[in-house]
Amino acid sequence: MSGPQGIGAPVKRKEDRRFLLGKGQYTDDILLPNQTYAVFVRSQHAHAKINKIDATAAKAVPGVLAVLTGDDVAAAQLGGIPCGWLVKSKDGSNMVEPPHPALVQGTARHVGDPIVMVVADSKAAAKAAAALVEIDYDVLPAAGRLADAIKPGAPVVWPDAKNNVCFDWHIGDPAATDAAFKKAAHVVELELSNNRVAPNAMEPRAANGSYDGANDHFTLYTTSQNPHLTRLLLAAFTLHVPEHKLRIIAPDVGGGFGSKIFHYAEELLVLWASKRIGRPVKWTSDRSEAFISDAHGRDHLSKAQLALDANHKFLGLRVHTYANMGAYLSTFAPAVPTYLYATLLSGPYDFPAIYAEVKAVFTNTVAVDAYRGAGRPEASYLLERLVSHAARQLKIDPIELRRKNLIKTDQFPYQTQVALQYDIGDYQSTLDMALEAIDYKGFPARRKATEAKGKLRGIGISTYIEACGIAPSALVGALGARAGLYEAATVRVHPTGSVTVMTGTHSHGQGHETAFAQLINERLGVAIENVEIVHGDTDRIPFGMGTYGSRSLAVGGSAIYKAVDKIVDKGKKIAAHLLEANVSDIEFKDGNYRVVGTDRVKAFGEVAFAAYVPHNYPIDSVEPGLEENAFYDPKNFTFPGGTHLVEVEIDPETGVVEVADVAIADDVGVIVNPMIVDGQAHGGLAQGIGQALFEEAIYDEAGQLVNGSFLNYVMPRAADLPNFKVGNHVTACTHNPIGVKGVGEVGAIGVPPAVINAVLDALAPLGVTDISMPATPEKVWRAIQQAKGA
Amino acid sequence: MKDFEFHRPSTLAEAVALMKHKPDAKLLSGGQSLLPVLKLELAEPSDLISLAGIKELTDIRADGDKVAIGALVTHAQVHESAVVRKLVPALAGLAGWIGDAQVRNRGTIGGSIAHADPAADYPAALVALGATIATDRRKIAADDFFKGLFETALERDEIVTAVHVPAAKRAAYEKFAHRASKFAVVGVMVAETSAGVRVAVTGAAPSVFRVPAMEAALAKSFAPEAIAGITVPADDLMSDTEASAAYRAHLVGVMAKRAVQSALR
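Here the protein sequences come in this chain order: A and B. The numbering of the first sequence is this note's numbering, which starts it at 1 and goes up by one. The numbering of the second sequence is this note's numbering, which starts it at 1 and goes up by one.
Read the hints as simulated data drawn from the structure, not as lab findings. Predicted model, so just to flag it, every value in this text is computed and none were measured. Hints are supplied without guarantee of correctness; some may be wrong.
Claimed, not checked - Once the Cα atoms are required to be at most 27 Å apart in a straight line, the calculated DSSO-like pairs of lysine-lysine come out as:
hint, chain 1, residue 1, chain 2, residue 2
1, B, K26, A, K779
2, A, K123, B, K182
3, A, K725, A, K441
4, A, K562, A, K635
Unchecked claim - Which chain A residues face chain B? A few, computed with CB under 10 Å, are given here:
hint, residue
5, I7
6, D121
7, S122
8, A124
9, A128
10, D138
11, T654
12, E696
13, V706
14, N707
15, F710
16, N712
17, V714
18, E778
As the list claims (entries may be wrong) - Covered by chain A, per the in silico footprint, the following chain B stretches (three or more residues, Cβ under 8 Å):
hint, region
19, 12-20
20, 51-58
21, 159-167
Backbone N, C-alpha and C fix where the C-beta goes; we use that ideal spot for every residue, glycine too.
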């Protein structure tokens, strides 16, 4: 550990003060002068032609200022909501990219599709008017679920998408994989699903748009993880206003988990409406509205096959996946089940051959896009279920099967068969660490004790890897991304020595205001109380791509480091002048510039002051001021990995699964703030266990979301979870200056298969061999009955 | 939520008069069921009549071998009451299992039973214990009170004033809670009183029901083995995404058995 506030220090978070005092400034808190309010009328049908919209009664409600429809949007020539990633099919053709107007034009394609926007001078008036809008629908057959949409003769979501297929993509070597399977001593197969979940960030989405007629300038407050990306999409694709006339502010945001990355129609519509009526327009989602308008996550159906030789070494992996896109392509959606999923299918294992095919499918449901883990949980779930299934089928120990196949520490950098090259890792150490932490050896005794109580006990493992710190721009560009994925930082040293860092990342729970300040403390010796981290306002920060994919420290932090490098170098020149020495004789250490081998020193603060009051200063060769910009484009993804172990106790009479213990060991690279790292691990574990046991966004055949409220969408709660045992083993990332990998998503990625493997371990003596997520009490009970032959 | 007139009568007589003369009024006690109904605009009352100021509705007192619980007594108060714990501990236990701490601090026994949510906990207790519901105009036996889904024997303007619960020789409540709403998916109270053995089930069907076969078996032998194998048909039971009718039917047997085990401890 470097110092009490530097890298490795568990410093309490600076931003928590305002959050705990209730003084956060969230988008809904913001009240602009002459504020008006928008309420949306959304489709109640999954697929329906809109014959007529009668707004007469709505318009007559006192306080109503506008009732806007898709026709108004078309007349204003607003652009459709774009998709930011182009994926091509096997045959080279582009994915089917359906139009996505901000308000429905002609046909509604999912429950929640926005049809009418009502703007009024009070939310009550807007709601009252919205209730009076009459819509005449012709209800059409709907493809409500992925399993239905892929059947021959299924209802058609988009005429251009034959069999509802958006694209048919693949990766890997089919010939090598076929050959591997031909010579295999064992082949193990598994069909599995990855359940659809609703993101349910604590803060619902909101957007407050305003237009300044005097200066012809727009401002948008929005719950976004990436204000510059939103601004780019608004400027280039939807609002058609040049970027310098558009200010986007993402203030305090109460959780995103991916759902607040995307450019949503409401953002465009409040801006457009605010110019139209001449007053700011604010929309805040209800929770039940959020269930049918926030992008959902996951929703895969897969078949997987594993080929092993006689010694149980993996020879090959074959995967076929159907991935639900929903009715429209959200910003990142095509990338999630392809480049963020299939490229992870080697996992932490040495696989000589892999071939994966992914068919993306449209359904009449809300769009599906990135959600904590975004593709990597789907990959680790498939692999870790398959490997444990293989162990059980072949009657070998699931730990030993993994040990035999884990990539060894001397094999790095390791080139996988699915494009990615892992820089460094140590999967054996995290495996040993987690086994120790859960007291794996003591499990048989614990199982006996549980059985004496009439219950079942199981232990499940997941050894996972993930790819984050996104991403090298040229690489993702070649894969179809329509944007770069670098980061930007401006480090501004003030004359009296305090520092402001402007970053293109965005903190919506991650603690950047503290962790990034710790980076400055580490490098420049400035106390974190004297470091301000600015993010979220496109007027104040350089162009950055925001926060998702566990990129902020790896990419954003590295940009900060590069800017600091420039600061330190400039400071050396100033210090050399002040100390009357050669620049080459100046070293910067512990906050001081020193002439090497002497005790002649200038503190960083003195150098900073001199830069702004350049009286005794190398003015002919060095400009005044001490402020530097840097942009950082990562050379590769980063590759956190580790082992997650879960122990469960099951009541066979009711099927209730209790999570008795969770022990994880992750390698997330260098740790800047261990307290924040633990917090991220805990949050990810809660969401991962949530997906494994509790959560599912359930659509029926007709495309109705049957559990779109907290009365029947089951969220994990603190009382449902044990105290987590979290450990870390560090192998520093080799290609960024801090050595960090990223931790935000590892919990959600690693733990779901460990939970299900534990459930199956507990139920194995009863003859149960498979169960799907979420393993609800009824599902577990039915699996037991079925195995009994009841 | 639509506009309404708000009244705060200080006596029961005032409340009765208001209800009589305002046909679209609704009574407000803890608001834990009514306010969500208003927010979802499932009801649009012209007037809300708050019973909060009426002191005579807030007492818990022992009345021989019964406990009389005022309609405005909260679930938290029932749970913590020394009188209830002494006379009918199973009822105190059940009250502590309702919702969560916030709901228990506001929700009332009168409000809850008048609402007659199929998944509420009290109906099982009141039927199993043979309780009597007192209103402003009569007394109604629990067996006659709960009629159907959100339906009771109460007249439009009738006000629950108290619940009289007799002590039991032994009684216990076991609840399988919905993991999202914390309502009862299946809640079973088994009670042996001077009137015999009763088994009452809430959560599984549109309204609370008794299981005569289990009652008869337990009357012969009050032991968990006595009811092993006695099942209830799934046909009339409710189904949702968390629990199908068949699963609920199964849980009735499990919770009944566990309630007997608890009662024997």
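Notebook entry, point to check: What hint numbers does the structure not satisfy?
Noted result: Structure breaks hints 1, 2, 5, 6, 7, 10, 19, 20 and 21.
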